[in-house]
Every structure is written in structure tokens, then in C-alpha cells.
Amino acid sequence: MELFNETSKLAAVIHKDHTLLPVINRLGVKLGFGDLSIRELCVKEGIDVTFFMEIINVFHNESYFSEKKLLDFSVSIVIDYLLKTHKYYLDYVLPEQERLIDLFLLNCANDCKENELVLKFYNKFREEFVNHMQLEETKAFPYILQLNDTIQNPLKKGAFLEQYQNFTIKGFEKEHGNMDEKMFDLKNIIIKYLPPNYNLNIGNSLLSNLFMFEKDLKNHARIEDKILIPKVKQLEKIIKKDE
Amino acid sequence: MNNQTNQIIVICNSDIILKGLADILTGCLSDKVILLNQANELIDYPHLSGYILLMMPVNLFKENEAFLKKIFANTNEVKHLHLSYEEKPQYNNTAINIHDNQALIVNKVNELLNSFGVKNEDKTINELTRREIDVLQLVAKGLANKEIADKLSISIHTVISHRKNISEKTGIKSASGLTMYAVLKKIIDIDEISTSDLI
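Each protein sequence line maps, in turn, to chains P and R. For the first sequence, my numbering begins at 2 and goes up steadily by one. For the second sequence, my numbering begins at 1160 and goes up steadily by one.
Next comes chain R alone, as it looks inside the complex (with noise of 0.2 Å):
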């Protein structure tokens, strides 16, 4: 999984299965859990962004679809996993049943939550292009974008975008954060940059 956070929303009009489901859920990964009735409350979340695990009825999805669509607009990606009622289930593994019982759920919710940002099966998924350590270095000597996509001869949008990879890779968004790592992970000298202006 990599370091954008991830959101799980559970919609479903009744309260006891959400504070059910809210308390299951606990245990699982995630970062932030939000628990509504209907698909329409989403308004109140303009900036939703990073992963999302939608769960949901899935007649309530296909109501919702092209509503949803929209609200989703700024985020990386978005998972479903379907609540369902149905007495006997079958084993399915994109949606849970009422009847699943607590750690089938959460097996479930963070087998999808770990699935994030994983193209395929690329173990190196985190580890920084050489591209983007060129950057990285700059960064932390502490370079402006304008500056380091002069030095490196691309456009600034290409430093922007490299900067954001690098982020998500590494889980640091500061400038100075990323100073930190890339002296911890000897990507620069701790000689080669004068520590008290730039950290």
C-alpha cells in the first residue's frame, strides 16, 4: 500500500448496522472512517481525495451511480464492497453479508484497503526512480521547482509531477521532510547542505 491516506464511507440507512460496522471497523486500516445514511450527505465532503473504499448496498450504488461519479471526481481511486442481506450467501469477496462475522469483515475490508495504489504485482512499487531522485536531491539543497526544472532541463510540471511521486512514495510532504529522508537515505551528504536553513 502506499502513503496516500485512505478513506472507507459506509452508506446505509440503518443506524444499527453503521454503528455495527463502525465498531468492526476499528480494526481495520484505514485512516478515517465516515458513516452516513444516504449517498446525498457526500455533499458535505467537497475535498474528498486519496483512496476511497465505498461500501454500500448495491442497488443504493446504482441509484446514486452518476452522483457518486462526480463526488469521486478528485480521488485516486475507489473500491466498492457491497452490504448485503441475503440470508444464505455465497462466498463472494466484494461484498460482506450481514450474517459475515468479524474477522471475515475485516479481512475482507483491508485485503481491499492494501490493494491501493498496486498496479500489479511490482515489489519496487516504492522505491524512487532515478528520475526522482535527481529531484529529490535538489529538493533537499533546496532548490525551487522553477530552479530544479532548469537544472534538470524539464518543464516545471514535470518537477511538480515527480514531487508529488515522491511523496507518495515516501509518506513526506514537507520540503524539509523530504531533506530529512534524503540525508537519512544517503541520497545526499549531510555535508553537502547547510542543515540549519534547510531543515
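Next comes chain P alone, as it looks inside the complex (with noise of 0.2 Å):
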């Protein structure tokens, strides 16, 4: 349950907990880093490492949650996190689960029927939440980031509230836990019920494939629903309040 801190050694950090990887990944840095600390590496990167700090922290341990130090981030910097993961799950995630699947059907022996399910349920777990994903980087960061913009630039808030007349965070804010409940299902059905004639191995790895992305959508899901979209409904009263 530790914390890490700045002076923290990323090399001793990654030996603690190696589910960190993607997320270091997406913050920003690649492996080989030597004994350098977190501190030292953000400063080489260019990396905000207050930001770094706690997107660690949060991930980590997950009884951790200091939303008022994360509350004092730009919107932009989250949204930025934000995009690099979804781009971690188009590019990485869902392909390597994909190709999982396949070999997990390609060993099932007869009556393949029950196997079959687990991807159909997949299919249309992907489906839900690619749709996802894209109704937030084409609809809510654009407007997020333009929210933002026009609180720096007033001059802009004549077009901005023509643009966005009706449009608040609201109605963006309900669907996520639907996609860790279908993950959670998926390996508990997978786990308890379906019946295993399949290679165990292969079972184990899309298992373990999914235990971890089930950790990551969750803080993925944190991140939006207790920073990103507490900070906007704050960047929303400021622009109604100059009304």
C-alpha cells in the first residue's frame, strides 16, 4: 500500500508493481532508464511530474485518491493522458484480446457452440466500447478543450456559447461502469461456468489479459469521472457565471 515519491527510483517502482508499464508508457517514457529517479526523468522528458506522481499513485493503490491535487490540473494535460490510453487500447488492448480469442476457439475440440460465445459476447463488448471512445474524442474533449479555451480567451465566448447552446458534461457522465460490469462478467463467466475445453494455457493468458485491462479501464473510468469531469462542471459554472 505504499506510496511513491519524486526521489523514488522508476526502476525500483517497476519491480514493485509492473501493472505500472502502460501507464508510464502513456505518461511519456520508454524503458531503459537506468537508476535515474522519477524525478530526474520527468525533468529529462519534459514531464509535468506532479501529474506523473499521481497518476501512479492513483493506479497503484487504489484506496489512494487526493482529488483535490488533482483538481489543480489543465484540463489539457488530462485529456492528453486521456487520448494516449485510448490509443493504448485501439492499438494494443483489443488486438492482442482478439488474437487471444482466436487461439482460445482454435483449440476448443468439438462442440465449439458454448466457446463461440465468448466472442460473440466480446464482439460486442469491443463494439460498445470503441463507440465509446470515439463519441468522447470527436464529441465531449473537443468541447472540454473549447470550454477551457474560452475561459483563458473571453473574446471567444460569444461563439462558444452559440456553438455548445445546449450542450453540457451531463449527459456524458453515465455509461462507464457498464464497461468494467461486461469485463468482470466476461472472467467470471470464464472463470465459474464455461466448460474447459480449451487449451489451459492460452485460457490463463486472455485471463490474465483481462484481469489487467479490467484494473485499467477502472482507473481509466476514475480518472474521467472524478477529475476530468468535476473540473468541467467547475469550468461550466465560471462560464454561466459571467452571464
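It is possible that some hints are incorrect.
Stated by the list, open to error - Restricting the straight-line Cα-Cα distance to at most 16 Å, the calculated cross-link-like pairs of lysine to aspartate or glutamate (EDC-like) are:
no. : chain 1 : residue 1 : chain 2 : residue 2
1   : P       : K193      : R       : D1182
2   : R       : K1332     : P       : D181
3   : P       : K17       : R       : E1270
4   : P       : K216      : R       : E1327
5   : P       : K227      : P       : E55
6   : R       : K1300     : R       : D1350
7   : P       : K114      : R       : D1350
8   : P       : K31       : P       : E46
9   : R       : K1332     : P       : D103
10  : P       : K193      : R       : D1309
11  : P       : K114      : R       : D1348
12  : R       : K1345     : P       : E115
13  : R       : K1332     : P       : D73
14  : P       : K121      : R       : E1327
15  : P       : K227      : P       : E46
16  : P       : K114      : R       : E1351
17  : R       : K1323     : P       : E182
18  : P       : K188      : R       : D1190
19  : R       : K1191     : P       : E215
20  : P       : K227      : R       : D1203
21  : R       : K1328     : R       : E1286
22  : R       : K1344     : P       : E115
23  : P       : K125      : P       : E46
24  : R       : K1344     : R       : E1306
25  : R       : K1345     : R       : E1270
26  : P       : K238      : P       : D150
27  : R       : K1305     : R       : D1293
28  : P       : K219      : R       : D1190
29  : R       : K1191     : P       : E115
To be verified - Example chain P residues on the side facing chain R (calculated, C-beta under 10 Å, incomplete):
no. : residue
30  : L118
31  : F122
32  : K125
33  : F126
34  : D150
35  : I152
36  : G159
37  : K183
38  : D186
39  : N189
40  : I192
Hints in this document: simulated from the structure, not taken from any laboratory. Glycine included, C-beta positions come from ideal geometry on N, C-alpha and C.
Given two chains presented individually in distinct reference frames, assemble the corresponding complex, making use of the accompanying hints.
Laid out in C-alpha cells, this is it:
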């Protein structure tokens, strides 16, 4: 349950919790960093060290959440991180899961009807998930960035209010829980109910992948729901106050 | 044990005891462990639900009883395991002592965790009732709660309560997950549903 700090060596941090690997990549760090501390590394790579610390601590320790500190970050830095996370899901996680599910089905002995349900369930999940990310990228994030921009340049306010007359972030709030819920269901079905007529090692790889993905999804949703959305609500209030 | 999440909350003003317990509790079957120095920090956890195992010194518990009751209003069940510091403790399965060894602590904690949701010795606790199976069949066919209510001539409230129980017993929450469960358990026939739509 320890918290990492800026003077921790990143190598030691990764030895302690390797599930942080994709997280530090998204934050802009590649491996091969020798004995550098987190602070030294962030300075070298031009990364906001406070943001880096908060994200890895939030990810490492589920009960850690200093919402006040996190609300200090600009929305653009948060959105940049979220976009990189989406890209990681799209470019790596989803294709990898597909590959594993293909292997998973390949080894099924005779009647595969039941195993194929896994594929159908997954495809449906994937479709919803990709749509959800697209909606954020094409609707919610541009709105937020423009809102932020308008607060810094009050001259643009007229145009902003006209473009987004009836639009608020509220409409985007619900959905999240759904995604990690479905991941949990898929894991639980394989663990508890699916007849094990598949290659066990491949089944284990698939499950490990799903466990890690579920954790990542939960944290991703936590950052959106607990940091980004409250922040946007603050900004929306400021805009309305000036009216 | 059924499938609602269970969480352990430890409240103790000594960080040494908290960290030590955190280490020991990694060997327990809980979904989450929350460590706090003071009871009032629970105010930061407004959405606690499921089953809670609360570990704290008994005097601290008594001081905060009313507050704790409020905080745990939406949980299924709360059980207590008192932390005691006595030099020569008597064995007591509702308390752990600072001198207890690791195995004993893990045993006591797991025993309490396993007892959550089990009302009596009923082994069929996780089996679905006839009515729940009726509801599940219709969920799997893609019917909405309202439609299920009409079809079975029960109130929508009853449908929702059946669905909650089904999810608790099976550990599956989403409608598509339940469809998959129903097929795997042969509660409905795979050809009866159009899987491309429903799963």
C-alpha cells in the first residue's frame, strides 16, 4: 500500500508493481532509464512531475485519491493522457485480446458453440467500447478543450455559447460503469461456468489480459469521473456566472 | 459466500499496526482493503456497498457508533472484528489481538468473510429459484423489465428484485452476461435466441 514519491527510482517502482508499465509509457517514458529517479526522469523528458506522481499512485493504490490535488491540473494535460490511453487500448489491448480469443477458440475440441459465445460477447463489448471512446474523442473532449480555451480568452465566449447552446457534460456521465462490469462478467463466466474444453495456458493468458484490462479500465473511468468531469463542471459554472 | 463485493475497513491510529495488518490481509479473500487512521475519514467513501468487515478497537467503535451506522446505511451487512492490545488475551473469534500470529488472523478474517450472505446452513443458497429462472429466461431473450413484468403478471419492482438476486447468486451483472450464463447452464436453448443481437 506504499505511495511512491519523486525521489523513488523508477526501476524500483516497476519492480514493485509491473502493471504500471503501460501507464508510464502513456505518460511519455520508455524503458532503459537506468537508476534515474522519477523527478530526474520527468525533467529530462519534459513531463509534469506532479501529474506523473498522481497518476502512478492512483493506479498503484486503489484507496489513494487526493482529488483536491488532481483538480489542480489543466484539463488539457488530463485529456492528453486519456487520449494516449485510448490509443493504447485501440492499437494494442483490443488486437491482443482478439488474438488470444482466436487462439482460445482454435483449441476447442468438438462442439464449440459454447466457446463461441465468448467471441460474440466480446465482439459486442468491443463495439460498444470503441463507440464510447469515439464519442468522447469527437464530442466530449473537443467541447472540454474549447470550454477551457474560452475561459482563457473571454473574447471567444459568444461563439462558444452559440456553438454549444444546450450542451453540457452531464449527458456524458453515465455509461462508464458498464464497461468494466462487462469485463468482470466475461472473466467470471470463464472462471465459473464455461466448460474448460480449451487450451488451459491460453485460457490463462486470456484471463490475465482481462484482469489487467479491467484494472486499467477502472482507473481510466476513475480519472474521467473523479477528475475530468468535476473539473469541467467547475469551468461550466465559471462561464455561466459571467453571463 | 455469495458474489457481492466484500471490503475490509481497518481503522486504527497506529500506522505501524495498519501497515502490518495490510500486509497480513493480502492473504485474505477480500476484494478491497481500506486503511484509515480515524473513523471520520470514512466520509470520503460515500458509496460503500456490499459486505463490510470492520476492524477497529472496541472503544473507538463505541465512540463512533452513530456515525458508522449512517455511513454503512447502504451496505448489505457489516461485521466487526475488534482489535485488542491486551498482553495476555483469551481466545475470542470476534477479536484479533496484536499478539496473534499471521495464520490465526487470516483464519479469523476469512471465516467472517465466508459467512457473509449465508443466512443459515442452506447449501442451495446460490441456486436460482423457479421464479428467478422464469425471469432469467426472459432477460436472456432480450425482454425489458417492463415486458417481463407484463408477461409474468408481476410488478416491475418484483422483476428488479429478482434480477438483483440473480446477479448476486451468479456473479453476473450485465444482461448480455446473463444471456451467456443462461445458455451455458442450459436454462435456455442457444437456438431460441438470436445471439448476434443479444450477446
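List of violated hint numbers, smallest to largest: Going through the list in order, the structure violates hints 1, 3, 4, 9, 10, 13, 14, 15, 23, 24, 25, 29, 34, 35, 36 and respects the others.
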